Structures are given as structure tokens and as C-alpha cells.
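Taken in sequence, the protein lines are chains A and B. For the first sequence, the working numbering gives the first residue as 1, with consecutive numbering after it. For the second sequence, the working numbering gives the first residue as 1001, with consecutive numbering after it.
Treat each hint with caution, since some may be false.
What the hints assert, rightly or not - Listed below are several chain B residues computed to face chain A (Cβ distance under 8 Å; list not exhaustive):
1) 1016
2) 1290
3) 1427
Stated by the list, open to error - A few chain A residues that don't get close to chain B, going by computed Cβ distances all over 10 Å:
4) 39
5) 50
6) 59
7) 151
8) 154
9) 175
10) 236
11) 265
12) 291
13) 397
14) 413
15) 429
16) 444
17) 464
18) 469
What the hints contain is simulated information worked out from the structure, not anything from laboratory work. Small disclaimer: the values here were computed from a predicted structure and weren't measured. Don't be surprised by glycine CBs; every beta carbon is placed ideally from N, CA and C.
There are 2 protein chains.
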Amino acid sequence: MFRNLMPRYEILSPDAVAVLDRGWRRIVTEIGVQFAKPEAVELFKAAGQSVEGDVVKLDPEFILEQIAKAPREFDVQARNPANSVHIGADQMAFGAVYGSPFIRDGEVRRDATLDDFRKLAMLSQSFSQIDSAGGVICEPNDAPLDSRHLDMVYALQTLTDKIYMGNVVSGPNAADTIKMTEILFGGRDAIETVPATISLINCNSPLRWDDRMLDAQFEYCAANQPVVLTPFLLMGAMSPVTIPAALTQQLAEALSGIALAQLIRPGCPVIFGSFLSNIDMQSGSPSFGTPESAIGLLCTGQLARYYGLPFRTGGGLTSSQSCDAQAAYESLMTLLPTFLAGTNWVMHAAGWLEGGLVSCYEKFIVDIELLRMLREQFTPLEIDEASLAFGAHEEVGHGGHFLGAEHTMERFRDCFYRPLLSSTANYERWLKLGGKDATARASGIVAKTLADYEQPPLDGAIRAELDDFVARRRAELGD
Amino acid sequence: MFRNLMPRYEILSPDAVAVLDRGWRRIVTEIGVQFAKPEAVELFKAAGQSVEGDVVKLDPEFILEQIAKAPREFDVQARNPANSVHIGADQMAFGAVYGSPFIRDGEVRRDATLDDFRKLAMLSQSFSQIDSAGGVICEPNDAPLDSRHLDMVYALQTLTDKIYMGNVVSGPNAADTIKMTEILFGGRDAIETVPATISLINCNSPLRWDDRMLDAQFEYCAANQPVVLTPFLLMGAMSPVTIPAALTQQLAEALSGIALAQLIRPGCPVIFGSFLSNIDMQSGSPSFGTPESAIGLLCTGQLARYYGLPFRTGGGLTSSQSCDAQAAYESLMTLLPTFLAGTNWVMHAAGWLEGGLVSCYEKFIVDIELLRMLREQFTPLEIDEASLAFGAHEEVGHGGHFLGAEHTMERFRDCFYRPLLSSTANYERWLKLGGKDATARASGIVAKTLADYEQPPLDGAIRAELDDFVARRRAELGD
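Can you build the whole structure from these sequences, using the hints too?
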């Protein structure tokens, strides 16, 4: 976790905020939001909202009343208390890539497996810049479809001692995640008091919340586990092509989802979600790390603060097919604004490639380096008389050098950022070391990190209970 | 040229600025600045400053009086008036890489030649994101040392119609640059009225201005041509290891150099220069694109505004030995803060590699892509009712898509950033196109750009006069 005490970079004028505020109000009032789950529609109806079939036309003031019930900040506990996180305020927490069916490992691109899932969980455990392996770090295609969620949650619970994300494929999958979380943390009360798993609920944008996602949301909200209500907006496909239009749609969708959460369980923790980029109108493919997404991200942060909600945006996003220069600059073009916006919950912070279709080992390391650098960069400078090192100037004088100065000698070990991946070796030495580019070096860091990985200890009784639960549920599911 | 109308990202509190302000005052008062040119020392002495040998101890109030004479903003004319630039205020102008002895062209790294110099000038001419090829885009090692500056200025004048930087190796080289500029622009009066060449004067940090650089500065300032007075600070070598110490030293050096410029010719245009990074204390090599340099860059912009001076910082800097992921992320880690700071004059904005030892063709294209993206990103959003596209929502409704919506169809050609280099092709199509990474694709863009290059027209009489001048001076110099 990282506390970002640098200024926020806000680019919306008060007038612009007012226009956007009127925008979402008009959408929820006149067009409404579709909820493909009768229980959701019933809740809104009972609360006095206008219902037409499964479309709810919402009173904006009602929405604001509901979101005011959501906590502005909250804790999520990890089984290692040192890894618990606080969501909101100045805090930033980071999860790894989520949802990729494929893996890139060096030059090879292939279907992801459960073994990849485990290795990516181990990498996530190994770097302090990552607060959570996330949920679906990659899709374990070789595990049986019906019980795959059990394998994933079990891996996250046993290979890491950090917070993890819950399965959202269905209501029963969510219920299984919650049961396993109860086992790990000592019962329902323990996790209702301090939540222990975050889940991603995506909107089927535009303006529709689907049944399976809502089933999962009902489970998690009822159990007081935080959900990230996330409009999934690729401008040009799921939203209009103008950023202001996408921002108002995002507000309409996220705020309506958050209102539902508060109807399910008033006061339950939520995160205002944003996943906002655009279609490449030439190729028809999604485009990431674009100027539009960076602008959208900065605006999202400002708007979430305006409505008093912790928020999710950003990550290390790229369209690139390999871990190349494009992958690096697009990812940083997203990650740096993620810090400028002071994002509270950052998904896809390490390992994302090819528009999210691929989890890439080498890219994971590139992103870790970016996170390391940005944490340093977003740490306020201490400026006082002592930091001016006037004595060093007196010692060195004109045209000399500071390499051997007393001030330098006292500080040389930790005065500057120390890279994990980047090389400053001179050309001859770099050649001698194999002339490896950053991606090739990252591959070596992956191998060493996995070799050095140590599984965090877990109480034997708890592990046995988890094993029993997984075995029983797997049998019930017929796998 | 680009007008940056986005907010500046300022991270120094008023208290911090006050501490830094006291810092440089103490340095110039108690330690003083060395000027290795008797005429410079004489000017300070005549102005009432305290002189000990070639060290001048300066009254900070005297320095502030001098820098108040410098224009806050000014024009630099190009021979194509459409390419003239304005330095200062909200304007940002960009020059290519400067000073590299080596070239990287694909997998080959070798000595740079005059042919490379010309090709890089042609690339600079071809991209509107670059306002100037700069000066020494690479070192033309195969041209005779004594007359090489003539070849470089001639290439810049004839292969581009943009502004160019002057030679600073010696006073006579500077005089030659000025003479050639007079020929191109129609005489001394024309360039004294509106300057036509910018020159880089580096400090031999700490606190020493060298004789040859000062010789060049005297020529350029006397001719009213702007100089960029640039402390050259790699923390740990040329300055102490703390950022505040480097910032105060930077102020002491730059402001003393600017004061000298105003003594040479009151009111002559200057740019507050900054080149601030650090040594990698492990390898002993310079390190670029570091968190420290990004922080220093943001502070430099704020301080330059505090003292009312146009400023230079940033660029696309990296330590990387190849055009890889590291090169991309380190460059953006410098370039994005360059925009956040609103830098007026940006050197090394395209083509820099390996700590500035290498000018790289492919990296040039990567940087052009970054500049294109950042210009888009730093263009304020227009937010009004029309931008909300409410009609598109009415048309599409819930769970539909906007690909065929009227609002989209009217705007799809130019609604989003269109990349030069980045690919969003799906994996199969990318493979079919050769599976080329960004660097390999950049290589193709270089070749196509050079093939499409058209030399800008130049009046025959002027060209003949330049030819004559170069031939005569080359003979005089014995080459």
C-alpha cells in the first residue's frame, strides 16, 4: 500500500463538473438503467423509484442519498495483518492483471493454465508493490470450468497472504468465495466486521447490469464485502465517442450500481469503478494507454472525490502484442496519471498485455519497476536548510566533484532510487553481460523470484478445512 | 510548437520555495561563481561585484536586478515563418537529441557520421512535433574537426526550414554560426531584431563557467541571440546527492549566467536551463528517467516561473542501451513531467538513447509518438451540453452499442488519437504483418519518412552565399 501525499492533478473546472453532474442526472431520469435481476428491480421499486419492466428510472437525489450511506474509506483485511489495506483517502492499493485467457512467456504466447495462475500468484506475493494478486490473474484453462473458481481462490489464499479478489461468474461462485473467506478468517462475523475480499462487478455498458454479475453483487454486498462497480467503457462501442459523454455515462452506471449496493445492505463498502478507454476506429480493436484514457482517468478521480467515494481507475494498460517499447510507454501513460489522480484501488497494475487478453511474465516485472519508480516520485520532497548541503559546496568548491564529498559518502547507499530492472551499465559492460534488453532481463528476474519464493505459513487446521471444502464442492459440481 | 493550456503541476510549498531561495543566495554570496574568462570577471567587477581571482561573489539583489532585464518571452524566427517559435508563457517548443557521438540504427551501434546528421535533420524537418533539429543532432565524426561546425549549420539551414541551434565549441565557431545566420536571414539587423538561433551554454558544474563556453556566450548575447544557460547536474558527481541542494546550485549557476548575459547586452533573450539527473551509485554511470529527475524537473518549472524566466528542462531521456521497454518508460517518465511542468524549450525531445551517447533512428520515432500523444493529452477537454451526446444514449439505449450510432458515424474519423507507431492489431493480424515489435515498426517509419522527405526550397542567391562562406572559412581553417 502506498500513501500518496503529493497534490492531485485536477483538470475539470467547477463549471465542467456542473455540466457532467447535470449529464448523469438526465440519463438516470430520462433513459434509466436496466437491472436484469428481478430482486434488484424490486428493491428500487420498494424504495419508490419508477420501474418499467427491468428498466429503473431513478431520481438523482435518491441516488445521492444512497451513495451517502457508503463509507468514504474502509479496511480490507489480509490473513497477514501487515498486508491489510485501507481503501480511500490518500491510500493507493494495487492488484495484478485480471481476466486474461492467454499467457506470454518470453517469445511464447499460449493458453493460460492453473500452473501459470499459481506462478503469477507467487510473483504477486513476492513484490511489496503489489497489494493483491487480484482475482483471475489469468484464466486457468486446464482446470474444470465448473470448479475452477475454487482452484483460483484456494491458490490466492494459500500462495499469498495478501488480500484477494472474489469470483463473480455467478452467485454460487460468489457464495463459495465468501465461504472460503469465512474459513480463512474465522467465520462470518470476522469478515462482516472487517471485509476480506474485494470483487469486481462490471456493468454491461451502456446502462445495463447483467443477471450473473448482479447475483454475485447481491452475495458480496449482503456479506459486507466491497464491490467495485465498474462501467466497462470503450468509447465508440460501449459509450459515445466524446469523453464528457463517457464520463456522464460512467457516473450514471457506477452511481446506480452503488445505490443498489446500499439498498442490499446500507453502509456496505463500495468502490466507484472506472475502466475507460476507446476503440481504435481504424482496426476496430480496443486501444489502451491512449491520451483519451489518461484524460478520462484524471477526470474520474476528480469526480469520485466530488461524490465522496473511493475509486478505482488506471493500471498498466497497453494494446501491445509483445513486451516492447509500446507496452512500456502505453502502460506508463496510464500508470503515471493513475498516481496523479490518487487512485485508491488499481487493478491490472502488473502483467497486463495485449489489451488484457494476455498475462505476461516479463511485463509483470516491467510494471513492478514502474510502480517502484512512481512510488518514489510521488513521495514529497523534504526541503529544509539541512537538505541544501551547503557544507558539501564549501568542501567541493568550483569545478570539482562530489563523488568523494563527506555528504555523498554518508548517503551514497540509499540517496537515489535503486532500479530492479533498468540498466545503466555502459555499453561495453552491457554487451559483456549478454546485451540483453529490458524484456530479456525481466525474464531472468521472473525466474529468480520464483526460485526464491517462499510460501507464507498457514495454520494446518485452516488449510485442512479449505481442502475439505474444495473437495466437497468440487464433487458437488461434478468435476 | 504547442500551447499547453492545461494546469501546471506544482509540488513546492511557498515555504519550500523560500528555503530554496535562501539557498542560492547563500551560495553566490559566500562561495561565489567562477568565470574562466577575464572579460566576464571585468564586467562583474565594473558592476560593483566582489572579485577574487576569477571567482565572483555576487550580491543576490544585483542578480535579481539583472535577470529582471531579460524578456519573459520572445520570438525566434525560422526561415519558413510558419515554423517560427515563441519561447515562454504557455508555449512549448521541442528540439531533437543533441551531442551524441554514436548512432544506433537497428541492431548496429557505430560512430555517427555527417550522413547520419543529415538524415536526422531530414527526420526533424518531417515531423511537425519537432520545432528544431537542434544543433549537434549527432557528432559528424567523419567531417574535419575544425570546420565541422560549418557542415552542421549548413545542413540545418538547408535541409530544414525550422529554427536551429548554434555551435558553442568556441567563440569563432559561434561567430561563424552568427555570420551564416545573417546570410540566411538578410543581415545583422534582421537577426538582432528577431533572433534566429538558440544556443546551449553549459555550466561546468559545480559553480564554474568555462572559457570556451563563455566565449560563445559573449558572441551570441552581443548579437541578441538567445542562450540556454544550463547547469549540468548529475547529482552525486556535479552536485550534492539531495534534490534541494541540486536545485539551489542550479539556481546559483543559471541565475549567475543569466546575470552575465544581461551585463553583455541588457535585455538579451535567455532561457533558464536545467539538465538534472543523478549518478547510479552502483554502476557509477549517469541515470536518466529517474524519479529524482522527474521531481527535479517539476520543481525547476515552478522555480523558473517564480523568477519570471522562460525555461528548459526534460526531453526523452533514458540510460537504456537499446530501443526497448526501458528506453520507452524512462523517456516517458521524463517527457510526461516535461508537459506537467509546461517546459518552454525542450531539448533531446526525440532520438536520445544510452545516456545521450547515442542518437537512435528508431528511438526518434518512439519519441515522436510520445510527443503526439502528450500534445493530445495536454489539450483541454471541451465540456458543454453538446459534448454529452445525450441523443446517442437515446438512440442506443440499454446494453446496445455505439459503433453504428449517428453521433459516432459523424465523428469516427477524427474522434480519437490516431497513432503513428502503436499497433492495436489483433494477435493474428499482427503475426500476419510480420509480428514486428514497436522498434522494428519504427525502423520502417524511418525509411518511409526519409524516402518521402522533400527539401524545403531556398533562394539560389542565399544558398550560393552560404556555399561561398563555408568554402572560404573551410579554407581559412585549413580543412
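Indices of hints not satisfied (ascending): 10, 12, 13, 14, 15
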